[in-house]
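Trainee: Here is what each chain is made of, one letter per residue.
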Amino acid sequence: MRILYFGWVRTNIGLGEEEISLPPHVENVEDLIGFLRDQGNGYRAAFENIKAVRVAVDQEMAGMETPLSGSREVALFPPMTGG
Amino acid sequence: MRILYFGWVRTNIGLGEEEISLPPHVENVEDLIGFLRDQGNGYRAAFENIKAVRVAVDQEMAGMETPLSGSREVALFPPMTGG
Amino acid sequence: MIRVQQEDFDAGQEIGAISARNFEVGGVASFIGLVRGANEKSQITAMTLEHYPGMTEKILSGLEAEARTRWRLEDLLIIHRYGRMTPGEQIVLVITASAHREDALQSCQFLIDRLKIGAPFWKKEETPVGSHWVDTKAEDDKASERWQK
Amino acid sequence: MIRVQQEDFDAGQEIGAISARNFEVGGVASFIGLVRGANEKSQITAMTLEHYPGMTEKILSGLEAEARTRWRLEDLLIIHRYGRMTPGEQIVLVITASAHREDALQSCQFLIDRLKIGAPFWKKEETPVGSHWVDTKAEDDKASERWQK
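Residue numbers (the working numbering), protein chains in the order written: chain A, 1 to 83; chain B, 1001 to 1083; chain C, 2001 to 2149; chain D, 3001 to 3149.
Next up, chain A with everything else stripped away, as it sits in the complex:
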């Protein structure tokens, strides 16, 4: 699965994009973040406060419960600051 990072999620992790083969127990967004958090210090820092993290699954805004089966792309990022 393609995982994208933006804003300070990206700068904490140190990369903008990666391809990850998810283990079978990762069924939804919350599982994914739990899995990523164990991938190293940068990941731990990025996901320390999950309330501050927003998620899009296949470019649609999603929640912690959103299932990932069949999805191609998940993006994790801080609240948006456009305009």
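No incorrect hints appear here.
With the Cβ distance kept under 10 Å, some of the chain D side facing chain C (calculated, not the full set): (1) Glu3014; (2) Gly3016; (3) Asn3022; (4) Leu3105; (5) Ile3112.
In silico SDA-like pairs for lysine to any residue, Cα to Cα no more than 20 Å straight-line: (6) C:Lys2058 with B:Ile1003; (7) B:Lys1051 with C:Ala2138; (8) D:Lys3123 with A:Pro78; (9) A:Lys51 with D:Ile3117; (10) C:Lys2123 with C:Thr2048; (11) C:Lys2137 with D:Arg3072; (12) D:Lys3123 with A:Trp8; (13) C:Lys2123 with C:Met2047; (14) D:Lys3124 with A:Ala52; (15) C:Lys2142 with D:Ala3099; (16) D:Lys3124 with D:Gln3090; (17) B:Lys1051 with C:Thr2136; (18) C:Lys2041 with D:Arg3072; (19) A:Lys51 with D:Gly3118; (20) C:Lys2142 with B:Arg1054; (21) C:Lys2142 with D:His3100; (22) C:Lys2058 with B:Ser1071; (23) C:Lys2137 with B:Asn1049; (24) C:Lys2058 with C:Ile2117; (25) C:Lys2137 with D:His3100; (26) C:Lys2137 with C:Gln2043; (27) D:Lys3058 with A:Ala62; (28) D:Lys3137 with C:Arg2072; (29) D:Lys3124 with D:Arg3084; (30) C:Lys2124 with C:Met2047; (31) D:Lys3123 with A:Leu15; (32) A:Lys51 with A:Phe35; (33) D:Lys3124 with A:Gly14; (34) C:Lys2123 with C:Ile2044; (35) C:Lys2137 with B:Pro1079; (36) D:Lys3137 with C:Glu2024; (37) D:Lys3041 with D:Gly3088; (38) D:Lys3123 with D:Tyr3082; (39) C:Lys2124 with D:Ala3099.
Derived from the structure by calculation, the hints contain no laboratory data.
Note that the coordinates shown come from a computational prediction; the quantities given were computed from them, not determined experimentally.
Every residue, glycine too, gets a C-beta built ideally from N, C-alpha and C.
Start from chain A and add chains B, C and D according to the hints.
Mentor: Only chains B, C and D this time, still in chain A's reference frame:
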């Protein structure tokens, strides 16, 4: 006193501006309109519905009771349609 | 700044000039009013705007002062034309610039709402069947009233 | 129409083009967001806007569609830049055109309010003492919420 007309007040009366020596009994705006109404058909048409007429005395919005003594200029016109 | 003039204006240039001038500006709001080719009832072939020279400038300056008191503005421009115009021509331009977008947007709406019924302009429309003075709209009164403090 | 681009834009020309195009247009509202030279806390030397290619276009198109449903619009343009910009540079342009000024003004405010917290852009400010990601402001959340139906 200088009297100015705008909008359909002007087109009814047929002129945009005139200099009038007011008789002594004309003390406020209401008196002035009553006086003007007797100056001919165009004036009567212009001031037939006084509620539709707005007044400025020396370029400040005024009411029917506004006194005219000491004023140099009175303008009579329909509700404004700017913008 | 206010300008009352017969000539057309270059809205784009005015907006560009204001947004380029000042590094404190975070947002520039603008509104351009134009002559439409038709209203709800009929086709419009031309529109003539009459105004009250002297009082117009006074009222517009008063609106500028009020907007600058109510909102934090870095810049403000009102251009209002008078005379005869045809459909597609620009009548009025309002530009407000502020550090904060909300101040720019609110003051721009305030100014155009107030101009509609509070500045001494009168519109006469020409249609294929004759010409007539434009009436005030009830919605314009309401739009202006919401700014009453 | 929406455009997401790195290059600067000519706001004046875009506004002029929209107001000139259509005789049904009675009012054109616009908003330009610019990089300020300072915020409440410090001087800003530059700002970088990161975005999510693909999703950005999707969100902006969705906002365009929603605005066109809620208001009677003749035309609508959103240009949003990404990349590094210095103070005074333009970030975003919203233009709305309608037969009626209220529709133009309201939809313009709606779009910029929604863009602020609903489009996948992230701002990083550079200051003399380092760079930092910009936080969402509580007032921006409130501004967007008022458009909830």
